[in-house]
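Here's the letter readout for the chains.
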Amino acid sequence: MLKTLLKKQMMELGAFLYQSGKEGKRRSKTSTVMYALLMVYSIVMVGWIFWLAADALCEPLVSADLGWLYFAMFGISGTVVGVIGSIFTTYSGLYRAKDNELLLAMPVPPSKLLFSRMTVIYLMSLIFTAVTTLPAAMVYFRTTGSAASLAAGLPVAAMIALIALSLSCILGWLIGLVSVRIKGRGKNAIIIILTLAFLGGYYYGYSKISTYLQLLIAGGQQIAGTIKKVLYPMYQMGKASEGSFLSLLIFALMSAGFFAIIYTLVSRSFMKIALTKTAPPKSRYKGKNMKKASVMKALLRKESMRFTGSSVYMLNCGLGTVMLIVTGAAVVIKSESLLALAQLAEGMLPAGTSALPLIGAAVVGFIASMNDISAPSVSLEGSSIWVVQSAPVSSWQILKSKILFHCIVSVPPALICSACIISVIKPVAADGILMMLFSAAVVFLYAVMGLAANLKMPNLKWSNETVVIKQSFSVLISLFGGWAVIIVLSVIYFVLGNIVRPVVYLACATAAIFAAAAGITLWIRKKGTEIFRFL
Amino acid sequence: MTLHINPGEIYGFIGHNGAGKTTAIKSCCGILPFDQGEIFIKGMSVKENPLECKKVLAYIPDNPDLYEFMTGIQYLNFIADIFAVEADRRQTLIGKYADIFEITDDLAQPVGAYSHGMKQKLAIISALIHEPELIIMDEPFVGLDPKASHRLKEIMRNICREGGAIFFSTHVLEVAEKLCDKVAIIKKGKLIKEGTMEEVRGDVSLEEVFLELEDSHA
Numbered sequence: 000m001l002k003t004l005l006k007k008q009m010m011e012l013g014a015f016l017y018q019s020g021k022e023g024k025r026r027s028k029t030s031t032v033m034y035a036l037l038m039v040y041s042i043v044m045v046g047w048i049f050w051l052a053a054d055a056l057c058e059p060l061v062s063a064d065l066g067w068l069y070f071a072m073f074g075i076s077g078t079v080v081g082v083i084g085s086i087f088t089t090y091s092g093l094y095r096a097k098d099n100e101l102l103l104a105m106p107v108p109p110s111k112l113l114f115s116r117m118t119v120i121y122l123m124s125l126i127f128t129a130v131t132t133l134p135a136a137m138v139y140f141r142t143t144g145s146a147a148s149l150a151a152g153l154p155v156a157a158m159i160a161l162i163a164l165s166l167s168c169i170l171g172w173l174i175g176l177v178s179v180r181i182k183g184r185g186k187n188a189i190i191i192i193l194t195l196a197f198l199g200g201y202y203y204g205y206s207k208i209s210t211y212l213q214l215l216i217a218g219g220q221q222i223a224g225t226i227k228k229v230l231y232p233m234y235q236m237g238k239a240s241e242g243s244f245l246s247l248l249i250f251a252l253m254s255a256g257f258f259a260i261i262y263t264l265v266s267r268s269f270m271k272i273a274l275t276k277t278a279p280p281k282s283r284y285k286g287k288n289m290k291k292a293s294v295m296k297a298l299l300r301k302e303s304m305r306f307t308g309s310s311v312y313m314l315n316c317g318l319g320t321v322m323l324i325v326t327g328a329a330v331v332i333k334s335e336s337l338l339a340l341a342q343l344a345e346g347m348l349p350a351g352t353s354a355l356p357l358i359g360a361a362v363v364g365f366i367a368s369m370n371d372i373s374a375p376s377v378s379l380e381g382s383s384i385w386v387v388q389s390a391p392v393s394s395w396q397i398l399k400s401k402i403l404f405h406c407i408v409s410v411p412p413a414l415i416c417s418a419c420i421i422s423v424i425k426p427v428a429a430d431g432i433l434m435m436l437f438s439a440a441v442v443f444l445y446a447v448m449g450l451a452a453n454l455k456m457p458n459l460k461w462s463n464e465t466v467v468i469k470q471s472f473s474v475l476i477s478l479f480g481g482w483a484v485i486i487v488l489s490v491i492y493f494v495l496g497n498i499v500r501p502v503v504y505l506a507c508a509t510a511a512i513f514a515a516a517a518g519i520t521l522w523i524r525k526k527g528t529e530i531f532r533f534l
Numbered sequence: 000m001t002l003h004i005n006p007g008e009i010y011g012f013i014g015h016n017g018a019g020k021t022t023a024i025k026s027c028c029g030i031l032p033f034d035q036g037e038i039f040i041k042g043m044s045v046k047e048n049p050l051e052c053k054k055v056l057a058y059i060p061d062n063p064d065l066y067e068f069m070t071g072i073q074y075l076n077f078i079a080d081i082f083a084v085e086a087d088r089r090q091t092l093i094g095k096y097a098d099i100f101e102i103t104d105d106l107a108q109p110v111g112a113y114s115h116g117m118k119q120k121l122a123i124i125s126a127l128i129h130e131p132e133l134i135i136m137d138e139p140f141v142g143l144d145p146k147a148s149h150r151l152k153e154i155m156r157n158i159c160r161e162g163g164a165i166f167f168s169t170h171v172l173e174v175a176e177k178l179c180d181k182v183a184i185i186k187k188g189k190l191i192k193e194g195t196m197e198e199v200r201g202d203v204s205l206e207e208v209f210l211e212l213e214d215s216h217a
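Residue numbers (numbering that gives the first Met the number 0), protein chains in the order written: chain A, 0 to 534; chain B, 0 to 217.
There may be inaccurate statements among the hints.
Unchecked claim - As a list, the in silico PhoX-like pairs of lysine-lysine whose alpha-carbon atoms are at most 20 Å apart:
1. B:192 / B:177
2. B:177 / A:287
3. B:46 / A:525
4. A:28 / A:455
5. A:296 / B:54
6. A:290 / B:95
7. A:291 / B:95
8. A:526 / B:46
9. A:97 / A:111
10. A:285 / B:95
11. A:399 / A:455
12. B:192 / A:291
13. A:399 / A:296
Don't read these hints as lab results, they were simulated from the structure.
Bound-form chain A, shown alone (with noise of 0.2 Å):
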């Protein structure tokens, strides 16, 4: 029964790569290994960034005898990044996956049910926390060349999963007992608010990486005397990472342990939640008045309904939005030392004028690619496609209001942050008209990438919405493709910077990007819609 579970769990994962989303055909051989070249990619490029963090780590702290708590440091960031990775994935998963009722109609234990959706988020579970957690790994057998604790990563690796799938469980579950009890829109609101307080939190701490890492080095021995004591199973997990086999059996223990814990808690409830319905409080239609729209504006209307029905859309999707207005406040009341920060990476640029509408552009076309609303917006006309495609509107209309929408959420806060950035580094005004103008273009061509990603990837047959918000590999494309976008940019300045003052350069990247996405809006204006038309 079990295996039987498991099988169809895991056939549900893994069937992006073998299975076309548009048709449910099954894919040919190459494209199944581009899409397993792609996911690895991404992966890699993830794994990269924490090698760096690590790369920077590793060494004071070996050399102050805290080998641990170097790993402890990635163990958490681990744990945390388990967390975030799944806990959606948790709560649609485990609760409100469509195939529940067919599934415990049957002879089905809950519990059994439970243990194999359980099992596909540990591995989703396992590959975040791997990607953070086998970098520090790598880098730490690089400084002090231990073997053992080369060889201590994948079990560590997989232990700490075990804790973000027991923590990501507790908040799915709250976030299961919330909906049960919170019915409509206001569920969303909850889930929103509490979700970007937990963000907030975490951003906070993260911006204050430098300040603790100052008194990490200075008070060592005491943080970790506190950590021991605070959060002592990663003590064991720090030592385990270093080698120690008794540590590993410890800390092994301990995540096993408490995973059984929550287990047993929420196999009680899971039932209850799975098959409690929520409908909101039933209200009864009075008539009114109604108005006419036009075709634009309803179509524009039904994405902006869309959007804000989908806690998991808005935060997986516009978390830019919010990002770039907290930017604009941030370098606004920090004027000063951001002022100086950015200075100083001015003075790492080729020399030239100032540069400091560069440095300025670029956070903002970097926080803008958080925002890839369009990326999943083809996909998430799922099996109600044929509403759009069955009237009498243009594939070009429906592309274009999905588009539009993209703008409409992603362009004012990104002209905010960037009035914030001109008001505090005061450019002359031809800089503030370019990095407006920057800023804009940066995001319509996030807009109609993600969206074209998407016409070549969509993936109609989804039974969770979270499946094509989180997993697809066009919001992928989207997310690092706007990364590759601002890194190639800034690469070309490094070359060019000698040459080219920064005003000019500019004034180039803005309309290279305008081109850029006209020439892809071109092409979804010309192929795209015929992809829509018969999806």
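Assemble the complex: chain A is given as a structure, and chain B must be docked to it using the hints.
Same frame as chain A, but now just chain B:
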């Protein structure tokens, strides 16, 4: 396969599972490409003028997957906007059909909270509010309660009396027999019998004809 559906006709489309009914229906609505042949609606080619064709037809799929993030009234307003239905007219028609199918009180609920039958009713209302000249329906009676089925049949007859046309697929041969002016039976994508109900049925029941044809074309 060659079929002609004239104004004022209710045309039944019958075939076993996988015979190609849904494929043919989707092609007629311009949402499935076809390489060979032609489909004309009011003399306009679905291939050449898909949007003009879609303006005069309504499609109701076999599975009413609607926008679950909208309420019933929001969905109907969305469809009315897409078909440019005037405010007064939509108010009248939504009120009329929502009352007929007894879902007026539920229009403020999200579609996600609707039962299969209620979604089917909403899909039918959304097809009716822009007063199409041709309605193409894939298994329209599945999920409807007896009262709603009866009312849908009345509406179908009224539409045809007023010069509209209806093309629908069904597995319920008794319904087809009582409701349709013409009927077509297909198997493996090919038309095996077509004509007025009397021509197809002769002196026996439609069920007997259907089973006999199934066996003889096996």
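Evaluation of the provided hints:
1. A hinted pair counts as satisfied when its Cα atoms are at most 20 Å apart, and residue 192 of chain B with residue 177 of chain B qualifies at roughly 18 Å.
2. Distance restraint check for residue 177 of chain B and residue 287 of chain A: the Cα-Cα separation of roughly 39 Å exceeds the 20 Å cut-off, and the hinted pair is therefore not satisfied.
3. A C-alpha spacing of about 17 Å is found between residue 46 of chain B and residue 525 of chain A, which places the hinted pair at or below 20 Å, so the restraint holds.
4. The hinted pair formed by residue 28 of chain A and residue 455 of chain A meets the criterion: a straight-line CA distance of about 17 Å does not exceed 20 Å.
5. For the hint linking residue 296 of chain A to residue 54 of chain B, the alpha-carbon distance of about 18 Å falls within 20 Å, and the restraint holds.
6. Note on residue 290 of chain A and residue 95 of chain B: the hinted pairing holds, with a Cα-Cα distance of about 17 Å set against a maximum of 20 Å.
7. Taken as a hint, the residue 291 of chain A and residue 95 of chain B pair is honoured in the structure, with Cα atoms around 18 Å apart against an allowance of 20 Å.
8. For the suggested pair residue 526 of chain A and residue 46 of chain B, the alpha carbons sit about 17 Å apart, so the restraint of at most 20 Å is met.
9. Note on residue 97 of chain A and residue 111 of chain A: the hinted pairing holds, with a Cα-Cα distance of about 17 Å set against a maximum of 20 Å.
10. At roughly 14 Å between alpha-carbon atoms, residue 285 of chain A and residue 95 of chain B fall within 20 Å of each other, so this suggested pair holds.
11. With a CA separation close to 16 Å, the supplied pair residue 399 of chain A and residue 455 of chain A stays within the 20 Å bound.
12. The suggested pairing of residue 192 of chain B with residue 291 of chain A is violated, with an alpha-carbon distance near 45 Å, which exceeds 20 Å.
13. Between the alpha carbons of residue 399 of chain A and residue 296 of chain A the distance comes to roughly 11 Å, so the proposed pair stays at or under 20 Å and holds.
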